[in-house]
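Asks: Under the numbering used here, the first residue of the sequence shown is numbered 1, with each subsequent residue one higher.
Honestly, the hints are just simulated from the structure, not real lab data.
Given the structure is predicted, the values throughout are model-derived calculations rather than measurements.
The reader is advised that the hints may include incorrect statements.
[Claimed, not checked] In silico PhoX-like cross-links for lysine-lysine, where the CA-CA straight-line distance does not exceed 20 angstroms:
1) LYS202 <-> LYS150
2) LYS210 <-> LYS195
3) LYS195 <-> LYS150
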Amino acid sequence: MENGRIVKRIGPLAVTLLWIAGCQQSEKTPGSSSADSTGVPVTDSVKSSASACLVDSLGVGGIRLGMSLATARKALPGARFERSGDGDGMASVTVKRDSADWMDLYTTVEDPEAALTDTETVTVIQTTHEGCATAGGVHPGLPLDQAAAKLGALTEISLSEIESREYATFAATPQWLGLRVDGAGIYAGELRTTKNVRADGKITSLTVSKGQ
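Required output: the full structure, derived from the provided sequences and hints.
Replies: So, in structure tokens, the structure goes:
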């Protein structure tokens, strides 16, 4: 799940294309929103999502897919944005609030050594923060049996071939939501998919992308 690579690897099916927003700049309404060239405004609803760290099809905690980093900073005033990278050397941007890591943003920049630029665009968002949740209450740290009560029966846990990362799919998992569950599956032999889970299995991160 590592931006270009993140979207390709998450879930049981490979996805070959990343979505990069091509929104037209929306009209600014005085006092209610602000927008930059991405056309993704910081509206009152975005500010509300940021306060609650809501995870939905548009993004996480006020950060929206398709936002530039310039607009993302406006959506989360007071947060720190730091260049980072994943285990595969893919660039990301870690967002910190009150010294805690809230989320990692994967953008149109792939070089982890590159300086942050206000114009890079958010394409994928991942959070491991337990305070970030969907409207239905799905969040990192949620036990898988409780996740099933919210998302329907567990369909499958799959183990990625290269990184050995685990992802869960439930009957009602939205297409935009990826659920990482490292260490949760019990596999038979060399199989890389299972419905058998450990008693302490839980969701370790939520990932939002346009389509997976």
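Asks: All hints, please: hold or fail.
Replies: Hint by hint, here is what the structure shows:
A threshold of 20 angstroms between alpha carbons decides the hint, and for LYS202 with LYS150 the separation of about 13 angstroms falls inside it, so the pair holds. Between LYS210 and LYS195 the CA atoms are separated by roughly 26 angstroms; this puts the pair beyond 20 angstroms, and the hint is violated. At roughly 17 angstroms between alpha-carbon atoms, LYS195 and LYS150 fall within 20 angstroms of each other, so this suggested pair holds.
In summary, the one numbered hint that this structure violates is 2.
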